[in-house]
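Two independent chains are provided; combine them into the complex using the hints.
Each protein sequence line maps, in turn, to chains A and B. Be aware that the first sequence starts at 1, since it is given in the numbering used here, and climbs by one per residue. Be aware that the second sequence starts at 359, since it is given in the numbering used here, and climbs by one per residue.
Incorrect hints may appear among the rest.
Said to hold, decoys possible - Below, simulated DSS-like cross-link-like pairs (lysine-lysine); rule was C-alpha separation at most 25 Å, straight line: (1) K360/B to K280/A; (2) K294/A to K187/A; (3) K975/B to K779/B; (4) K294/A to K322/A; (5) K280/A to K975/B; (6) K280/A to K1118/B; (7) K75/A to K35/A; (8) K360/B to K398/B; (9) K398/B to K519/B.
Unchecked claim - Some but not every residue of chain A turned toward chain B, in silico, with C-beta under 8 Å: (10) E122; (11) I127; (12) P209.
Claimed, not checked - Here are some, though not all, of the chain A residues that point toward chain B, as calculated from beta-carbon distances under 8 Å: (13) R8; (14) E10; (15) R102; (16) R105; (17) P131; (18) L160; (19) M169; (20) G230; (21) P251; (22) R340.
Calculated directly from the structure, the hints in this document are not laboratory data. Glycine included, each C-beta is placed from N, C-alpha and C at the ideal position.
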Amino acid sequence: MQDVPKLRSELLAEIETAADLGALDSARVAALGKKGRITELLKSLGTLAPEERKARGAALNTLRDEVAAALEARKSALAEAAIDSRLQDERIDVTLPSRPERTGRIHPISETIEECIQIFGEMGFTIAEGPDIEDDWHNFTALNIPPDHPARQEHDTFYLPGEREGGRMVLRTHTSPVQIRAMQARKPPLRIIVPGRTFRCDDDATHSPMFHQVEGLVVDRTTHMGHLKGCLIEFCRTFFGIDDLPVRFRPSYFPFTEPSAEVDIGCSREGGGLKIGHGKDWLEILGCGMVNPKVLENCGIDPAVFQGFAFGLGVERISMLKYGIPDLRTFYESDLRWLRYYGFPALHVPSLVGGLEP
Amino acid sequence: MKFTLAWLKEHLDSEATAGEVAQRLTMLGLEVESVTDRGKDLGAFVVGRVVAAQKHPDADRLTVCTVETGTGTVQVICGAPNARQGMKGVFAPAGAFIPGKGIQLKKAKIRGVDSEGMLLSEMEMCLSEEHEGIIELPADATIGAKAIDVMGLADPVIEIKTTPNRADCLGVRGIARDLAAAGVGKLKPLIVEPVPGAYPSPIRVHLDFDEKTISACPTFVGRMIRGVKNGPSPKWLQDKLTSVGLRPISALVDITNLMTLDLNRPLHVFDADKVAGNIHVRLSHPGERLKALNGKEYVLEDGMTVIGDEKRALGLGGVVGGEETGCNEATQNVFIESATFDPVRTAATGRRLGITSDARYRFERGVDPAFLVPGIEIATRLVLDLCGGEPSEIVVAGAEPQWRRAIPLRVGRVTSLAGVKIPRPDIERMLRALGCEVDGEGDSLSVQVPSWRADIVGEACLVEEVVRIHGYDRIQPVPLTNPASLPRPAVDTNQRRRGIARRTLAGRGLVEAVTFSFLSAPVAELFGGVPPSLRLVNPISADLDAMRPGLLPNLITASGRNAAHGIADAALFEVGPQYAGDKPEDQSQGAAGIRVGQTGDRHWAERERPVDAFDAKADALAVLSALGLTPESVTIGHEAPAWYHPGRSGTLRQGPKTILAAFGEIHPRVLARMDVKGPVAAFEIFLDRLPKPKEKRGAARPPLQLSAFQPVARDFAFVLDSDVPAATVVRAARDADKALIGEVRVFDVFAGAALGQGKKSIAVNVVLQPKDRTLTDQEIDQVSEKIVASVTRATGGALRT
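Pulled out of the complex, with its shape left as it was, chain B reads as follows (with noise of 0.2 Å):
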């Protein structure tokens, strides 16, 4: 919303600068984007007179123009084709800032000719982007008088930004409103004069609303004038509507303009003469069409707000006007309408056909209801002013909706939601200036809303507008204490395990990366599709068109983007959602990471490597580790998802069933389909799943054992048919003595030809750990004999010798 301070001063008896006053709005709630004085940028500039042109005599396009500035006569040299002796323009000394070129303008030779100033184009001012001629002054502006004043371009033109709520401020008089509640200035009473109507309106209207139905359109205000003259609107008007940014374009649309941005009173004038009988006010029937002011034609649907005649729709009620019915240069009769349409339906409609305008903004957050008549009372005067004619009585349809309310408030409320003590009489005050009406006793106040403040509604609005009027600025701050003297933890399990997670992976050496919660469909296919659910109906692109039902997948893009700016060995993980449906249960936490490439640059002293399936099984058995879980207490399955390489994968389960983790090289073909060079090793760590701790169980640890007997190592090596896991292996020699038996590592695993076809070979470090006394020679080759037993037993291999 825009307005210039002299506008606003119509309504508001104040000395207030721009200044104080968007101080003060923005206080109030009307925050302030702007404030534009243009008198600052263009106050130099004066007006002009060519009291002579001359062709240059070295450039065919330039004239020499001597200018009478008001403090003397200067030389200047110009490029305009418009430029011409007896004009009168905007003239710019040498010395004056021109804010359209970004320049300091000096005394010049232009071709060998001094020119000591210059003529303006509306560009040079910043004022269009027309620079093809200079601005042509009227030929009554005094010689030497500031251009801004002549221009009507003094005013500093302020701009607020509303909140959806404050409907009323959709006009220069309820801003004007606000600030005199506030204490800046006096609102200046509103004068409206009832314009006697000649004649009865030969145009009646109609609401064809039944009692479901008739808040669509509850109230309708018309009147005819007869023998209007419509032209353009006069030079006040003109400038009016300039100075805010709107093109002026026919009085009789310019008034509608006025009164919408002066009073928020939005109207709708017909050319009385296109409409074919009566007015029906009705809904929509679906299919009919409309062509609308702005051009386009519309297909109706279902329970649309049409301003109707006995034929055809001729408008949509609050959103748009019909172009056949629309006022132009030959329009002489003019039916005006003054309405009050539902701002729900409103919206509804804007929404359905895509129209937005000035109209509609204002209708769906609320017009005043009351004030159709006086609305159309002020039209009729400006329209009988500018273009003449006669007018006719008004017809009035409907009743005014009920908008009546009394609304009580406690004088202790305001301190006990607020947090501020405000008398009575002030409240009282504050509530009046704003239009309502206040009486009660002691404590409690009744108050009734004025018909332009459709946003209060209860005791907490009515406590908000005297904070609003009174300041926050002077609620005083109140520490939020803490109920307990110290903190408790603010996280709870899962969200500690989320940031254990993040930095055990930081700390390994991988990036955090946030990636977005969609990717496109046919990547999520590559890792198990998405339910048609969770696919956007109106996705931002078609690459982001589906939830993601993993974090591998974005992982997996940026490092494709990554690798393109250089860096191929990328080391990323994130920690985040997942969506398997649309159900808040389907929601679930994991962490994922993948290393890309070579295990490092090339070095001196190590050589890089592929990356390979061991190292993100290092990964996430790190996450599960510091995360509470033993390495005993999870077993290795082969089951990873189709996404990786069926023979480079596996799972981390607890039991049987719980795969807490998956972890692998992906799958080539995937990474193919992505245009992502591999090696790309992966992890994927199902953060829900795992087991929740036991809450009874304190910090406390079972005491450490500890022998004092020194542990023997042995090494064993099996020959192994090749498809025999090495786990089976450390499983096996691991139960051949439980209580002795305390580590087995495997050391070093080869085939060769040396062994046979499908066979390998396993050697496994064994470590003895005695608890009450020192092993026997004779003690170790026992369980020596029994680790060799179980393990050939389990394998079917054999002990290498």
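Next comes chain A alone, as it looks inside the complex (with noise of 0.2 Å):
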């Protein structure tokens, strides 16, 4: 008869020192296998008398379980083992660089237009467009510049050879057309912002043949120069992010507005650059005032009855002193090492409760 105490003290070495998933196998036919030495006593216990095959039964039953249990063990612990060595061998140099994913941006403009789309619309503004290539009449004699007026010359204009009822067609030299077609189709009151494109005819280091300008127009009852400055001054505090910002008004002339302004912001230009915010230094931002009677009249709108405001302001020069941009031509230039510097990420859209900027 064989020893159990042996036998289970041989198995469970066998299984103990298995090195790998075969040699445990073996183990394991070698001990519970149709001939394996514990299925071999179990089958001689017929041959035992009654009470010893009691004894011995519940002996070898036992060892079974232990070594099917020692087989269990080592069977996760090899494979433990063998996903240590998998994960070793399937180390990557992690330094390397990713693949390859182009970035793209939002060009300066688009975004600053945005920035200023969210808070004029926020006062209740909306957008309304009109052509770039505009009439003489919508671009200087509705909005009481009449020819030979010398507010003409400081527009240098671009001409087209065509004409329109007896006036010249040109690039427009502002926004401000797009008020006249706005007082034209629509009844007060009216509260639009144009954003587009401008078109004068001059290049040099702070001027561009083509600029992007941002105009608003408010016509009803009772809008007042009050209105004009809240409208401004909010403005200005919620675009550059500076709840106290100075910024002053002061007269100046517009042919289509009356009272007209210059708007100032403050700024410090101590130690060589310019900080906006208080200073002791002012920089023109906008040009703004109540529209000219003889314009609401050229639309047909009465100027007994409604009165009302209008801004104009220059969407590179404001981008330019919130980024830090520094000079007004690389806009145009579509060069992608500046794209890519001064440029927004795709996902940034400028919102009021989102914050303004990234």
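Here is the structure:
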């Protein structure tokens, strides 16, 4: 009769030293297989006397369970070791660059216009648009700039060969002709902004033949200069993100507004750089005024009943100031190095509640 | 407009400093561009006298000067050729800052000899470019006195920008009047003492106009002065002109300049001996010529205002005088002109002939029409004082044009328009200070506007005057409240679509560019060309002379520039306008993009490849899809424009006619002409052609139908003629059983010798999606047979076995 404790230690040792799943399986077959040692012993139980059979049967069953558990444990251990070994083999160099993807950008002009739309949209303005190629009447005469008015000389106008209603075709020198189109198309109350391209026949370090403006127009029965100030102060402070930004209105002249004003914001030039905010200096950023009664009349709106204000601001100018872009002409050069540096991520859509800037 | 503080105070009784004056001017709408206080930079320099001058022992060109400075005597080494014993010059002591050189002066040894200061040239004082010699001061200058006092430079110079409406502020007196109205001092009275004429003027003046044209020169006042002696003007006048940057010429010319700058009364002085007979003011004869004072000869056009004599044109009224009748040192008898010229005609003449002058600048803005006689009287007195002579009686031709007008002003209008309450007495006081006469009852004022304020034409102008003087800073800001408590959308569908297109493309790795609306006509030709109506009359340069017909040319040009910077693989897009003609409806909005060169940089894990039409197609479809178009609603056409590669381009259409987009590789010939290295994969989306969303359909979508049964996929490969489009295969397969077939994907395309000449194989993966039960093998086989039959029927091909 084989000695159970000895058998136990032999089988367990064999399991414990199995180096891989194959060896472990051989050990299982040798112990519990059809002709395994425990199986053989269990088969031989029938030849024993009942008393002896009971005691030996219990011992063998215990041994069988113990061996099965040891096999299972060893199998897990070997599987763990196999994974560890695989992980070791699968090591990669994570410092290698990831697969290439192109990253797009939004141009600062688009982003700045969207910021303006966010702010003015909150005040109830909607966008109006008009053609870049205008006739003389819409661009000048209707805006109270008759032919040979000195103010025309300040608009270095691009001309096209065509004529409409006796006037030459021009590239609009400002977004103001859209005021006229809006007032002709709709009855007051009006509250519109007009972002768009404008053109002046001028090209030097601080001028570009094409640039962008955002025009604003409010016409109703009661809006006065106090509202004009309130609206534009709020705009400047929100746009530049400075709650107490000094904003100054001083008298100026535009043929299409009366009274007219230019708007300055506070800045400091100390130490060479320009910093928007409190400081000794002022920086002009936009022109505005109460809509000239003649302009209302030209659009068929009764100036005895209706009044309002208009403003125009240079998109590139405020963009340069806000984002520290030094040179106007670089906006249009489509230099990818510039666009990637000053451009904005595709998914950064400015909003007042989500923040204007990335 | 430049003036000095002391000059201003000739008209303004005030203690204000230059800084205070400047601050107030800006807030009055007379924007100060600069205040130059030379006392700050040049205050340390004094009058010095060279008591001894000896040649430097070691340098031929240097002089060792002993200079008396008022506080002592110092030794100065000077290199100027005019340094000599007895002269007086400007002495800078050691330690002083020399603005023209940007250095702090130090005691030094020059070639072994001590130098304890410097005698200055004009360049070193930043007065001019002159540096050959040192400044020589008058012999009577007090030694040790501040040089700026002796040189008339102590007075701060203020430069303002005048807006086109403020013609009255083109003279110092007008500026003083505005300041006085705003409470900065008191306007001093202007004393005009008429000079009695000794004889009738031998030159008469005729205004040769009819009723229609008399506005060209409604009034002309003239006067002869005999026996004048023209020479350099006195120092006070020279200093005054110099201080504002004008070069003194001769007494007679300087007087006219003074009258212009001081009182905004431009005058012209003729050499009377060169005038043939009487003066005739008239419109020009086309083709007549004038030699102008600026040395140029002009051929006059129709409708210009000419001051002529019996024979010829002597000058262009309000624009420029003639050379032949100009004054010089030899002039003995003069005829002075003080006239009114029509602003519009003056501007048109100046513009057509390209002449800018101080006179034109003022007359086109409007010169006080009631100041002709006082102006000529003041000028006469100046001429008599400086040049002597005997004046004639004045001749007046024409009549003062009607300028008087009363404009009603409601006191309440100031509040309702400007948003500030100003009591009536204050309003009246301010308007009177500006020269208006005010009367009227209660809320209604009647305001007589002064002759020098042609710009005030209505009630709004008067409101502006009142709040301008009162101060814009005293208007309380009022929030512009939103009429609805929450804002409504500010953008319409088209504007929104542009935004979505922009962000979709940027999200796909393209970088947004904003390029000019113009390009060169030859480049435009490569992209369909532009009609003559879109060629600029006055382009800024030849390469920007036409309006762009599309967005691609400027992007492709930009990619060429980027390649020159070492970025060969550009991916750029633009969303913006393109032009087909000069009417508003000819302008449309597009979104276009290009990918150039390789798909990316070389990479260790992934091979880059040249960009191709499918990159562009993907970009275009991504935008259309982001804008709400389903892929099924878009069909592919082959009729891309000529600037695309004819075999590698296509269109995305909706219905038979509407082309929503074009895509493909740019034609190699176009790239060659633009000197850009390809390949360039490009697309253009015509945003305005996209269907408008249906107004009434809300945001709600139809319910989503999901099948509970597992889809089954089967692959089929067909051998086809090589010109059969893949789309035909896909459509035929889908049409085989529209209810059951969910999706058909092309997963393999190849051509090879095994298939035979002119053949290709296309393999598709077809997904069958049952809706109400699981498919049996038999059903699947039936559908498969239908698919094969449908495709072979549509294409003439065969199932590949």
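Cross-check of the supplied hints:
Between K360/B and K280/A, the direct Cα distance comes to roughly 24 Å. Compliance with the 25 Å bound is thereby established for this hinted pair. In summary, the hint linking K294/A to K187/A is supported, as the alpha carbons are separated by about 16 Å, within the 25 Å threshold. Restraint check: the Cα-Cα separation between K975/B and K779/B comes to about 64 Å, which exceeds 25 Å; the hinted pair is violated. Our distance criterion of 25 Å between C-alpha atoms is broken by K294/A and K322/A, whose separation comes to about 36 Å.
The hinted pair formed by K280/A and K975/B fails the criterion: a straight-line CA distance of about 55 Å is larger than 25 Å. With a C-alpha separation of about 77 Å, the suggested pair K280/A and K1118/B falls outside the 25 Å cut-off, and the hint is violated. Taking the CA atoms of K75/A and K35/A, the gap is near 21 Å; set against the 25 Å cutoff, the hint holds. For the hint linking K360/B to K398/B, the alpha-carbon distance of about 19 Å falls within 25 Å, and the restraint holds.
In summary, the hint linking K398/B to K519/B is supported, as the alpha carbons are separated by about 23 Å, within the 25 Å threshold. Satisfaction of the interface hint for E122/A is found here, the shortest Cβ-Cβ separation to chain B being roughly 5 Å, below the 8 Å cut-off. For the restraint placing I127/A at the interface with chain B, the shortest Cβ-Cβ distance is roughly 5 Å, inside the 8 Å limit, so the hint holds. Interface restraint check: P209/A against chain B, minimum CB-CB distance 5 Å, threshold 8 Å, status holds.
Against a cut-off of 8 Å between C-beta atoms, the interface hint on R8/A is violated, since the closest Cβ of chain B lies about 52 Å away. The criterion of a C-beta within 8 Å of any C-beta in chain B is not met by E10/A, whose closest approach is roughly 53 Å, and the hint is violated. With a least beta-carbon distance of about 3 Å to chain B, the hint placing R102/A at the interface is held under the 8 Å criterion. Hint status for R105/A: holds, given a least beta-carbon distance of 5 Å to chain B, under 8 Å.
For P131/A, the shortest C-beta to C-beta distance to chain B is roughly 4 Å, which falls under 8 Å, so the interface hint holds. With a cut of 8 Å, the hint placing L160/A at the interface with chain B holds, because the nearest CB-to-CB distance is about 6 Å. Satisfaction of the interface hint for M169/A is found here, the shortest Cβ-Cβ separation to chain B being roughly 5 Å, below the 8 Å cut-off. Given the 8 Å rule on beta carbons, the hint for G230/A holds: about 4 Å separates it from the nearest Cβ of chain B.
The criterion of a C-beta within 8 Å of any C-beta in chain B is met by P251/A, whose closest approach is roughly 3 Å, and the hint holds. Checking R340/A against chain B by beta carbon gives a least distance of about 7 Å; that is within 8 Å, so the hint holds.
Going through the hint list in order, the structure does not satisfy hints 3, 4, 5, 6, 13, 14.
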